[in-house]
Each structure stands twice: as C-alpha cells, then as structure tokens.
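Colleague: From first to last, the protein sequence lines are chains A and B.
Residues 1 to 635 (UniProt numbering) make up the first sequence, in order.
Residues 1 to 514 (UniProt numbering) make up the second sequence, in order.
One thing to keep in mind: the hints can contain errors.
Computed cross-link-like contacts, DSSO-like style, restricted to lysine-lysine with a CA-CA straight-line distance of at most 27 angstroms [unchecked claim]:
#: 1; chain 1: B; residue 1: Lys26; chain 2: A; residue 2: Lys422
#: 2; chain 1: A; residue 1: Lys250; chain 2: A; residue 2: Lys596
#: 3; chain 1: B; residue 1: Lys62; chain 2: B; residue 2: Lys195
#: 4; chain 1: A; residue 1: Lys463; chain 2: A; residue 2: Lys356
#: 5; chain 1: A; residue 1: Lys26; chain 2: A; residue 2: Lys342
#: 6; chain 1: A; residue 1: Lys26; chain 2: B; residue 2: Lys385
#: 7; chain 1: A; residue 1: Lys342; chain 2: B; residue 2: Lys162
#: 8; chain 1: B; residue 1: Lys26; chain 2: A; residue 2: Lys92
#: 9; chain 1: B; residue 1: Lys277; chain 2: A; residue 2: Lys422
The hints are simulated quantities; they were obtained by calculation from the structure and are not laboratory data.
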Amino acid sequence: MAPPAQTNRSPSPSQPSGKSEVTDLKSQLRQLAGSRLPGVDDSKRELFKKVISYMTIGIDVSSVFGEMVMCSATSDIVLKKMCYLYVGNYAKVNPDLALLTINFLQRDCKDEDPMIRGLALRSLSSLNVANLVEYLVGPLNAGLKDNNSYVRIVAVIGVLKLYHISVTTCIDADFPAVLKHLLLNDQDTQVVANCLLALQEIWNGEASTSGDAMKEREALLSKPFIYYLLNRIKEFSEWAQCLVLDLVVKYVPADSNEIFDIMNLLEDRLQHANGAVVLATAKVFLHLTLSMTDVHQQVYERIKAPLLTLVSSGSPEQSYAVLSHLHLLVMRAPYVFSADYKHFYCQYNEPSYVKKLKLEMLTAVANESSTYEIVTELCEYAANVDIPIARESIRAVGKIALQQYDVNAIVDRLLQFLEMEKDYVTAEALVLVKDLLRKYPQWSHDCIAVVGNISSQNVQEPKAKAALIWMLGEYSQDMSDAPYILESLTENWDEEHSAEVRLHLLTAVMKCFFKRPPETQKALGAALAAGLADFHQDVHDRALFYYRLLQHNVTVAERVVNPPKQAVSVFADTQSSEVKDRIFDEFNSLSVVYQKPSYMFTDKEHRGPFEFSDELGSLAIGTESDVPAHVVEAK
Amino acid sequence: MISQFFVLSQRGDNIVFRDYRGEVQKGSAEIFFRKVKFWKEDGEEEAPPLSLMWMVIARVIKDYLGVLNEDSLRKNFVLVYELLDEVIDFGYVQTTSTELLKSYVFNEPLVVDAARLQPLSPAAIFMQGTKRMPGTAVTKSVVANEPGGRKREEIFVDIIEKISVTFSSSGYILTSEIDGTIQMKSYLSGNPEIKLALNEDLSIGRGDYRSSFGSGAVILDDCNFHESVRLDNFDLDRTLTLVPPDGEFPVMNYRMTQEFKPPFRINTLIEEAGALKAEVILKVSAEFPSSVTANTIIVQMPLPKYTTRVNFELEPGALGQTTDFKEANRRLEWALKKTVGGSEHTLRAKLTFSQELHGNITKEAGPVSMTFTIPMYNASRLQVKYLQIAKKSSTYNPYRWVAMWRTSTRLFSRSFLCAQVPFPDQNSTIHPTIPTFPKPELPPDSELLNALKSLLHRSPSFHLVLMSRLLQNPEKPEGPKQLDLPEPALPTLAHEHNSAFLSPPSPLNQSSSS
Chain A
1 MAPPAQTNRS PSPSQPSGKS EVTDLKSQLR QLAGSRLPGV DDSKRELFKK
51 VISYMTIGID VSSVFGEMVM CSATSDIVLK KMCYLYVGNY AKVNPDLALL
101 TINFLQRDCK DEDPMIRGLA LRSLSSLNVA NLVEYLVGPL NAGLKDNNSY
151 VRIVAVIGVL KLYHISVTTC IDADFPAVLK HLLLNDQDTQ VVANCLLALQ
201 EIWNGEASTS GDAMKEREAL LSKPFIYYLL NRIKEFSEWA QCLVLDLVVK
251 YVPADSNEIF DIMNLLEDRL QHANGAVVLA TAKVFLHLTL SMTDVHQQVY
301 ERIKAPLLTL VSSGSPEQSY AVLSHLHLLV MRAPYVFSAD YKHFYCQYNE
351 PSYVKKLKLE MLTAVANESS TYEIVTELCE YAANVDIPIA RESIRAVGKI
401 ALQQYDVNAI VDRLLQFLEM EKDYVTAEAL VLVKDLLRKY PQWSHDCIAV
451 VGNISSQNVQ EPKAKAALIW MLGEYSQDMS DAPYILESLT ENWDEEHSAE
501 VRLHLLTAVM KCFFKRPPET QKALGAALAA GLADFHQDVH DRALFYYRLL
551 QHNVTVAERV VNPPKQAVSV FADTQSSEVK DRIFDEFNSL SVVYQKPSYM
601 FTDKEHRGPF EFSDELGSLA IGTESDVPAH VVEAK
Chain B
1 MISQFFVLSQ RGDNIVFRDY RGEVQKGSAE IFFRKVKFWK EDGEEEAPPL
51 SLMWMVIARV IKDYLGVLNE DSLRKNFVLV YELLDEVIDF GYVQTTSTEL
101 LKSYVFNEPL VVDAARLQPL SPAAIFMQGT KRMPGTAVTK SVVANEPGGR
151 KREEIFVDII EKISVTFSSS GYILTSEIDG TIQMKSYLSG NPEIKLALNE
201 DLSIGRGDYR SSFGSGAVIL DDCNFHESVR LDNFDLDRTL TLVPPDGEFP
251 VMNYRMTQEF KPPFRINTLI EEAGALKAEV ILKVSAEFPS SVTANTIIVQ
301 MPLPKYTTRV NFELEPGALG QTTDFKEANR RLEWALKKTV GGSEHTLRAK
351 LTFSQELHGN ITKEAGPVSM TFTIPMYNAS RLQVKYLQIA KKSSTYNPYR
401 WVAMWRTSTR LFSRSFLCAQ VPFPDQNSTI HPTIPTFPKP ELPPDSELLN
451 ALKSLLHRSP SFHLVLMSRL LQNPEKPEGP KQLDLPEPAL PTLAHEHNSA
501 FLSPPSPLNQ SSSS
C-alpha cells in the first residue's frame, strides 16, 4: 500500500485552499467511478482519505460531491463509512446534491447486514436537510422495529435528529409513542437509554406548547418508572447509568424510607472506576438528603473517600474536575473535611490551577487544631519559586487569620513575610496586614512597628501601595515619620499612575492632617492642589469634596473623613450564597469547574465582553463530559 | 452532551474534527485554541483542563492505534472518525467499550512506532510507518493480528504505584501517600473469566488501622473497581472475578495513607562559604533490599536565582551518574542510572553567586525532589497472589488444557517514588511532593535498539518491550512449562518482598469456574 499522502504534507489552515488539488481529486474520482478493475477499492480508499483529510483541515471539497456519490456504489464497508461521513458533512450546504444520496442510502437501509442498515440509517438521519425528511420517516419506522439492537439504537437517535430537523414530521409520525413503547419494553439497555434521552429532549421541547408532553415528561419521574430503571441500573452501560442517575436526581421520594432504599441500592456505584458514575451518584445522594440535615452530613462523609480516590487516580483532567467538586463540597461543609487537610497540601509539580483550588480548600478547612500546621505549610509555599502560588499562599494565610483562629501565631508569620524582602511577598503581606488591622485593631502596635520599616519606594504594586498609604493615614499618630512619607509621596503625585493609590493618598493625608496638623499642612495643600488638577474624575471630585468640606468646617470634615471606626466582623463574601446554591444544584456539571452557575456562561447577557467567546453560547449543559474541545499534547 | 469533538495540533490545525449537532458556530476550534494558547498574558499559569470525555476517547483510540500521538492520529484519522461515529451519536455517548466497538469498526490501524522494531531489512525501511504489524505488548493495538494471522494469547497485569513522601529536615516523614492502580491489558480471545487474588490480609477503610498496624496487614483507605469486576468473593477471600474486556483498563484503583517505609532517604546540607559561595551536599540512601534495583533516578533542586556557576564533585569511582546545572531555570540535576538496594550516594555541589547573599539561603533554594522507578517493588505490599484464567469450556477435553497452558501470562509490579526533602531549616518542615508517571510511550527507535542490546537496565516500559520480544521467540517449549516463563523473562527477578508469581490453575479450579 502506498504511504498515505497526508504524512508527507503538513496541513495547516493557513495554507492556500488547494484548488488545484481538489480539481485533481475530482478527475481521479471520476475515472474510478465506473471502473470495475480489481484493486479499484484500494485506490478509492486512498482518494476518499485525501478528500476527508482536506475536509478536516477546512478546505472546501464540496465540489466533488457528485463524484463521491458516484463512487459510493461499493460493497466495501470502509469506503461506505468514509462516503457517509463526507455526505453528512456537506449535505446541508448542498441540498440538491443530497437528493442524489437518498437512493443508495435507502437501499442500504434494507441491506441484509444489520451493520450496513444501521450505518445507512444514521447517515440518512444526519443529512439535516428539511426537504428530505419525507424519505426518512419510512426507514426510521422500519429501523425502530428492526430485530437487531444496533439498528434500533441508531433509529432512536435518528428520531431525535428528525425532531430537530422538523418537529411536525416527528410528532405527526407518532414517533414519541413508539419510543415510549421501546423505553418500557426493549430488551437492550442501550436502546432504552437512547429512548430516555430522546424522549427527554423531545418532551422538554414540546412541554411549553402541549399539555400532553408536560404530562409525559412528569411520567418519566413517576415512582414505577424510576424504580424500573433503578432495578436495572447495573445492566446499563456506564454512560447510560449516568443518564439514569441524572433522572433520579429529579425524582422526589415520598418518604425517608424510600430515600434510604434508593441510597442503599446505589451505594456500590460509588466504587465505580468511572468518575462520571461516581459523581452522578454523589449528586443523587446529596440531593435526596437535602432536607435531612444529619443524613446529609453522613453523605458527605460517605462520598469523601471515593472522591479523594478519584482525584489521586487517573488523568489530570479527571483529577481537576473531581477536585473542583470536592472544592465545592469543602466550601459548603468545611468541618467534614477538617481532618483531611493533608490531602489538600500542594505538590511541588502540580499545575497552578490545581494548587489554587487546594489553597482555597486548605483555607476553608483550617480549624483550631489544624491551623498551626496548615499555616506552616502555607508559609513554605510563600517561599516558592512559583510566584502566583506564593502570592495565593500569603493570601490564604491572611484569610485564615481573618477566620480568627489563633491569630497570635499567624500575625507573627505575616510580619515575617514583610521581612522576607521579596517584592511580591511584601506587597501581598501589606494588603493582608491592612485587612487584619481592620478586623483586629488591637494588633496595630506590633504591625505598625514592622510596617514603619518598609520603605515606600520598595512597594510598587498599586494594591500594596494603597494598603501602605491607608495604614500611614490611619495610624499616623503611631508612626513618627508618617507625615513626611506622605509628603514625599505627594511630591511624586504625577508619577503615580494608579488612581486607586492617588485616592488613598488624598484620604490618608486628610486623616494625618487631623491628627498632626502642623506637620501635615504643607502636604495637605500640595495633595489638594494636585488632586484638583488631576485628570481622573474620581480623584478630582474627591479632592474638591475634601477642599469644600475643609472650607465649611474642619471638625465636621474630621467627623466625615476620620470617624471612630468599628472593627469589621465579617468581610463581605465575593459570591452570594444564592449563587453558591445555584452551583450546588448544578453539581456534576461544568458550573462547578467554572465556579459559576450555568446561566452566567450560557446566557449572552451575563457574559462579560472578554469572558467567553461565542463558541459557548449554544452549548447545552449536562454532565461534565460536555466539553467539545480537546487538545492533544503532541510531543 | 457533546456538540463537537476536535483534536488540534500544537499549531492549532485540526487533526480530527467532528461536529455532532451542528449547533455551534464556525471557528470554535480556533477560538478554543486561542483560549488555551493565550490563557494568561504573562504565561505564568496554564489553562486548566476542561474535559473528562477526552481521556475516555483517548483511551479507546489508544486501544486501537497502540500508540497515541500526533503521528499515529494523523495516519489513522479515518479510523478515528469511524470510532468517533460509534462512540458518540448526536452528542450522546453510546459506548466506550473497546470490546463492543470492535464489531462495528472496520478500518485497520496503521501502527506507527511498532513497525520500527522489525529487523531492519532493506525492505523494512521502505515499509516503515505503514506496515501493519502487532508491535509490542503495551503498544499493541487490540485489533492487530500476528503476521501469521494467529492472535497471541496474553494478558498483562501491572501494579503501578505512585508514592508521595514528604520528609522534614530531620528525616521525619510528614506526609506519605500511595496511589496505586492494578492495570490490566488483555489480548485473550474468547473472553475467559479471570480470577485475581489479592493479599488475604487486605482491608479497606481506615476504621481500625491504628490497632492493626504492625501486623503487616495492608490497609487501603479506599478503592474503586472497574465495571467488569465482580466482588462476590471479595469479602471472603479477597479475590476479584472478572471477564476482562479487550483493551487497557484499570481493574482497581486504590489509595493508601498507612505508614510504609519509603525506599529512599535524602539528606541535604547547605553551607554558606563566604559571601559569594555556598556548598550543597546531597546524600541519597536506598533503603530497600539489595536484590532490587532502582532505575533512572533523578534528583532535582532549584538553586538561588543569582547562581552563576556550579562545580560538582561526585564520590570517587561513581559510575553512571551525571550532573547538570540547568542555567535557564536555575536547577541542579543529578541523574543516577541505577542503584542497588542498601547503597548510598553523595553529591557535593559548590555554588558561586553573582551577588552577595542576603537573607536566608535556604529560603532561596530547594526543595529537593526525586523521581525514580523501581521494578518489582511495591511499597504498599499489595500483591496479586495469583491469576487464574478459565476457558469457558468443558474440562473433559484434554486439548483445552493445551490451549490454556499456552496462555502466556505476565505479572508486573513497579513503583514510582517521588520524594522531596526540604533544607535543614528549622522552620521549613513540610514540603510538597512530586508524583510523576513516565509516559508509557515508546522511546525513539535508536534507543529501543540499544535497549534490546543491553537488555536490562532500563525503565519498566523497556521491560515490557523486551518481554514481548521474548514472547515472540518461536523456540519456546510449548506445554505446561510455559507458565514458568515469566521468571526468566523478567530481568529483575521476583523475590519474596514482592512475590508476584503465577500459580497454574489446577484442574479443580478449572472445572469449577467453567
């Protein structure tokens, strides 16, 4: 056999469209079309392969449609499959030519070989041309009654495809009823599974317009039907099991006995090696027990070990997906995982997205007994070469401190960070010390002593600089040179690019002025003048506001700008609990991995301009195996 | 639901592209590619992986193609399309069982790398890459046949363990975990039932492990099993019964945090010697039995970023050791080809810095990490005691025996251990660890040939290659004695510590399981 042509070539979309090659192919195909010579199938295979490889890399080869159809009169099944693939791809843009294929597809639908029947039926239903649906109804009807389960499997999906091409044809031919019959009576579990998914899609689509469909959809969640599926669950393939489990989640059991029965029946699914089955089962357990607090707790305990096993076995893709789910559970019930904190220690070579999740989990599970060890571990990461993770770790230490366990030791650690003399460590630590002081003002003495030693020239990041300036303003009475530092910062007003820093600087100078007026007066004048001349609207407005306040009454101004403060007890959460519950409802889906509910990334209006490009717009959300795109790391 | 499935090359062009539902706009592949390629502008973070489906499909494709890489995908894209058509219909997964797919898929795989193993006759050079041949055991396609048309009956069982240990500076173990899997790859025809016996003292769940520790029992934290595994007798005698489907699959995954003895210990010392100099001393001691050999040991340590020069000093007479200072990422690398149990190796490295040290040098360097493989050693002591293959047929027919005896069965176990040791700094105690699995990919052909010549001292994937070469050897005697073959075939022999052995099924077992 000659080596395939595509190995010598490196196809790339950026290459010219290969017009001459296509014409070449066309004439070659034409020559072969009528040939009966021995070995002609082999040469056809080579040509077909070329056509399909062009198709794959995006060259338009629809112009050889006629020739492909002419060549398809063959008994070679490999050739047939390639031809079907080609036809399925171009039929939609060439409805007239697609008509040419109807004949041979219909003939193949009556072939002796069930394989050919199935293949032809699949291709026929994949043509996706509205004018041709009339040719589809007959073969589909025959296919649904076929003796061979493969043909039936294909036919059921065919009905669904028909529904998407033409709703009325599908309903008029009474296909839903046939599917329902198969759903309840077919011996082959894959046929049953396909019926289930087809009917779910069809009735979901119809429910808005037809009361019958609504009733039918509810009937899928009836007790006898759910039990019928559950009792046969082990006969289903692993993917069909996920489908069944997904349906069971929506079922509302009548009493707690029923809940326990279902959970006992499904218990061994948690030992399945397929992560999709385990997660689907976990979802059933979690949702069934939502109203039973203590049992819900036990469910967490029960699903913990299988999920941890899934994280550590298998590919990085699986680990990450399962870890995201664990993350969700940890965030909901950190106390359940408090003894397992060592599982969330980061490993040196883990990718940063895994480390990030783990850091958040470590933060969440920290309690009185583990805080010390966890913080020690986190401090190790802070010295890490991986800078983003080092930053995250410092933030994590700060968050633990704000959770108010054993603050004493943590404050020392944070202050050590400030002495590490690495820019990014200092920057992160400054932001944290600021937050810490807002919550625990009693630590101000220790902190200020260290913060005072930091030269403002070494702090460049806007957030850190703003934090430092805030502290200078807030604690100016304790820092002897605060007014002078602020003054020198004011002198460099024009070099400060971040509006946030300039805003903080204005406020800090004001605060300092109220505490130490004679030393600050000069700086205040300079700051207000610079602020009024600032091109940034907020800075300008604030400077003007302060100016007028001071003009009006200095004591009032002090009450406004520097009132006595109460310590912050709880910092506002970044995600509302409503959003979190939505994500939990969508357990076992991409929502968990993205950490946002599905409407935020499927509905256009919720997506930010840069968040996702349009490709996700029409994606339906189901199980987590829903992602269409994959990259092969080739070498 | 899956709307589209595509595989892109590193440059972003489609290798395989299949649109299932026709509801996604054009250009999705390109958008995806850009998202991955330019995930974060600074390039500091990688894009997280998004899909579980890919790994499943990748497994199926690998079963068919033997080797999964860009080359084999490009060569076999028609077969891949055929598979994709059967695996997913209209966005719904139909089946991912290699076994079931076999009857629907007709393209024959063009095996890539395997062909290069053929004796290099002049003809073979021209046939390279396109010739269909069975290749090696692990990289063999499930559908490829022997040149003679006869299928080789074999089944591979691997116990692969990934060990993560973290030592404190004082050598105390902070965390230790074993993630293991019993991997099976079956090429048996007729789908006979297989019985796999594990340690009898195996227990699952951490409930009472404090009390039973020390008794030598193997206690797993948790495990899961492949769909085909039946656990009817598991509680009774720790046997798994299964009818192995074709292709590669994990029989069982397990996780263990029980204490175990790590095979290596690393001691690190770092001394400042003047303002611009420091000395690092690394000592690796192998704490496993002297009958076992560890291969391809690599010790790595990040150095302070202003390190300009490193002078290495190996112990006198050191063989098969290389040292390197990777200037680009300031990393010290020390590779040892092999080391026998009980031995010790030391490396001294003198560092020169371009600027004066300030602060603590231990904060700037480390942690030390180490990767290696040890064939025929598993730290968890989990074992496959025996493996029985029962042909589904009457035992009264003596010819059946021959057929059964000729089944060549192989057991492997190997461990990968990775450990990290932080510097002897009192505050730095806990360190993360590195698990790495060498990719089960074949190395380039020149290397393979060398491996064939020098047989033994290579990584486990080489052993698999070698084994299958031995299996192809026609001079092997036939009959019952064949079951003893695994031993000579294994370069590093099984010993008590890891008594992965085979027991020939007795006639009684045969009749009972038929």
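Colleague: Just pull the numbers of the violated hints for me, sorted ascending.
Modeller: Hints 1, 5 and 6 are the ones this structure does not satisfy, whereas the remaining hints hold.
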